[in-house]
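Engineer: Sequence:
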Amino acid sequence: MTCHTIREVAREQTDLSEEELDEALDAKKMTGM
Numbered sequence: 001m002t003c004h005t006i007r008e009v010a011r012e013q014t015d016l017s018e019e020e021l022d023e024a025l026d027a028k029k030m031t032g033m
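The UniProt record's numbering puts the sequence shown at residues 1 to 33.
Hints in this document: simulated from the structure, not taken from any laboratory. Computed from a prediction, not measured in an experiment: that's the story for all the values here. Mixed in with the good hints there might be a few duds.
[As the list claims (entries may be wrong)] Derived DEER-like restraints, expressed as beta-carbon distance ranges:
| hint | residue 1 | residue 2 | range |
| --- | --- | --- | --- |
| 1 | 32 | 12 | 24 to 30 Å |
| 2 | 1 | 32 | 26 to 32 Å |
| 3 | 1 | 25 | 27 to 33 Å |
| 4 | 9 | 29 | 17 to 23 Å |
In this text, a Cβ means the ideal position worked out from N, Cα and C, and glycines have one as well.
Make the full structure from the sequences, and use the hints.
Structural biologist: Encoded structure:
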């Protein structure tokens with residue numbers, strides 16, 4: 001088991017920019033709030 005955040009894993013395994021990661025990992029958008 002590792003102690004990496006979703007953001008860290010996504011950064012390592014994709015070529016998404018920080019802005020794209022912000023958009024993809026926006027908790028408010030995920031929950032509709």
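Engineer: Do residue 9 and residue 29 keep their Cβ atoms within the hinted range of 17 to 23 Å?
Structural biologist: holds (19 Å)
Engineer: Taking 27 to 33 Å as the stated bounds, is the beta-carbon spacing between residue 1 and residue 25 within them?
Structural biologist: violated (21 Å)
Engineer: Range hint 26 to 32 Å: satisfied by the CB atoms of residue 1 and residue 32?
Structural biologist: Holds, at about 31 Å.
Engineer: Taking 24 to 30 Å as the stated bounds, is the beta-carbon spacing between residue 32 and residue 12 within them?
Structural biologist: Distance hint for residue 32, residue 12 holds at roughly 29 Å.
Checked against the numbered hints above, the structure violates only hint 3.
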